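Take a look at the letters that make up each chain.
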Amino acid sequence: MKKLLSSLLIISSLLTTGCFFKQQSYQDTRFLMDTIITISVTGKDQAAIKNATDEAFIAFKEVEDETDRYKSHKPRDLYALNQHNGQGPFIVGDHLYKLLLMYKEQPYTALDLSLGPIIDVWRTHGETKTVPSLEEIKTALAKCGRDKFSLDTTNHTVTLTAGSNLDLGAIAKGYAVDYAASVITKNKAVTSALINAGGNIKVIGTKANGKPWRIGIQDPRNPQEILGILEMKNGQAIATSGDYQRYYEVNGVRYCHILDPATGQPARNAISTTVVSSSALTADFFSTLLFVLPHEEAISVVENTPQIEAIIVDSKGEIYVSPGLRNTFTKAK
Amino acid sequence: MRKNDYLLFVFLLFLTGMGYFLHSHTPTTDAKILIVQHGQNILQKINLQTIKVPTKISIPTEHDHVIVNIDDKGAYVVSSPCRDKLCIHQGKITNPGQTIVCLPEKVLLTLTATGKEGAPDAIIR
Chain A
1 MKKLLSSLLI ISSLLTTGCF FKQQSYQDTR FLMDTIITIS VTGKDQAAIK
51 NATDEAFIAF KEVEDETDRY KSHKPRDLYA LNQHNGQGPF IVGDHLYKLL
101 LMYKEQPYTA LDLSLGPIID VWRTHGETKT VPSLEEIKTA LAKCGRDKFS
151 LDTTNHTVTL TAGSNLDLGA IAKGYAVDYA ASVITKNKAV TSALINAGGN
201 IKVIGTKANG KPWRIGIQDP RNPQEILGIL EMKNGQAIAT SGDYQRYYEV
251 NGVRYCHILD PATGQPARNA ISTTVVSSSA LTADFFSTLL FVLPHEEAIS
301 VVENTPQIEA IIVDSKGEIY VSPGLRNTFT KAK
Chain B
1 MRKNDYLLFV FLLFLTGMGY FLHSHTPTTD AKILIVQHGQ NILQKINLQT
51 IKVPTKISIP TEHDHVIVNI DDKGAYVVSS PCRDKLCIHQ GKITNPGQTI
101 VCLPEKVLLT LTATGKEGAP DAIIR
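Chains as they are written, first to last, in the working numbering: chain A, 1 to 333; chain B, 1 to 125.
Please keep in mind that the hints were generated in silico from the structure rather than gathered at the bench. If you're wondering where the values come from, they're calculated on a predicted model, not measured in any experiment. Keep in mind that a hint or two might mislead.
What the hints assert, rightly or not - Here chain A is said to cover these stretches of chain B; the calculated rule only asks that three of the stretch's residues, wherever they fall, bring their Cβ under 8 Å from a Cβ of chain A: (1) 36–43; (2) 46–55; (3) 60–73.
To be verified - For lysine-lysine, the following BS3-like pairs were computed, each having C-alpha atoms within a straight-line distance of at most 27 Å: (4) LYS56(B) to LYS71(A); (5) LYS52(B) to LYS129(A); (6) LYS73(B) to LYS85(B); (7) LYS85(B) to LYS129(A); (8) LYS106(B) to LYS50(A); (9) LYS106(B) to LYS92(B); (10) LYS138(A) to LYS104(A); (11) LYS143(A) to LYS233(A); (12) LYS316(A) to LYS73(B); (13) LYS44(A) to LYS52(B); (14) LYS106(B) to LYS331(A); (15) LYS50(A) to LYS45(B); (16) LYS73(B) to LYS129(A); (17) LYS56(B) to LYS61(A); (18) LYS74(A) to LYS85(B); (19) LYS61(A) to LYS74(A); (20) LYS106(B) to LYS56(B); (21) LYS71(A) to LYS85(B); (22) LYS45(B) to LYS92(B); (23) LYS45(B) to LYS316(A); (24) LYS207(A) to LYS3(B); (25) LYS73(B) to LYS333(A); (26) LYS92(B) to LYS333(A); (27) LYS56(B) to LYS331(A).
Quick reminder that beta carbons are idealized off the backbone N, C-alpha and C, glycines included.
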């Protein structure tokens, strides 16, 4: 009996001090992949969840190193591949290969990873707040296109034609979020996590209070407000593309960083596109694709792609919410 | 087991239940906290309720300083040595979950709220 009473006393003490049920939490923020990444983790053991977070950041760095086209990090990275244009097959790293293979397998032409030459033109003009001439755009566009690179699935090589240059900005962060999430979920001490990479978020597990995750979607024309709140559950990812994060203006005209491969001009069919999927890579890919496509075409893609749901703010500011999100998205008042 | 043991048992059980109930229902304050970060380092956590008059804070960066104005409602960037000035264009953040990011200067301002029911866990930008 004494043993029973002592045990009860200990449990009682633990409960009253909140130690027994209290989850540990840990958060870290780092600048990687040209954005700010915050990982918040809860779990049973402080050291273990810190370790899981550190490993997730290592995963981000791994993908960043392989997909950064502006700086050399590894012998088989994107920078090295681009330098090798016009010189035959080139063996690339695993992450880079997986991304390019996924891209080659999808049918859409409105998202093009070979836009490096035209991105560089706009980037240069962005620094001086000028607009490139049609001739400059035409010359750069001639070096772009899905046919400018090919994959050899046996030898894991990529061949770029002369003058071509790949840019994976549209999908690399989504891929990295999935990769980091897979690293975190392998750690058994983790009960829940939120990976926030700016325009890409993935949630793992459920919150300590058992309620769904609540993700606000920024109002594209009023940075102080949100469009609404989306409730998300374990394993869901969300990605947003918009014309309000990276842009410059000339004579009151906004030039955003997302380009239409057909024209070489900044896309103007939407001002914000948000996609929800179980894969952060899929969400990232489709949020950019929907941003480029004409509105009706974008809606048609959403309706015909079972693995995605979307919220699209068109160029007039009208908000489309796909049927699958109507019960989980609450518009801001 | 004697009668007193039973009484003690019931009392401890009651204490246990009360302890858990009180712990899980402790009311929390509703303060807005501004977290100021440079790179990976958290420089300051400021309870905006304590800001009685608008205040300027200066964040040293590689190129110069990012100057931020704060008051009891929120914060905004006044000046930054970055080229694009997107952090300034972003205006004032006033809602929990909102952030201001200056990528070139590696400065992050995050507004959070303690105990605020219904506040988003994150805001996608």
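* Asked: Which of the numbered hints above does this structure break?
  -> 2, 3, 4, 5, 11, 12, 13, 14, 16, 17, 18, 23, 24, 27
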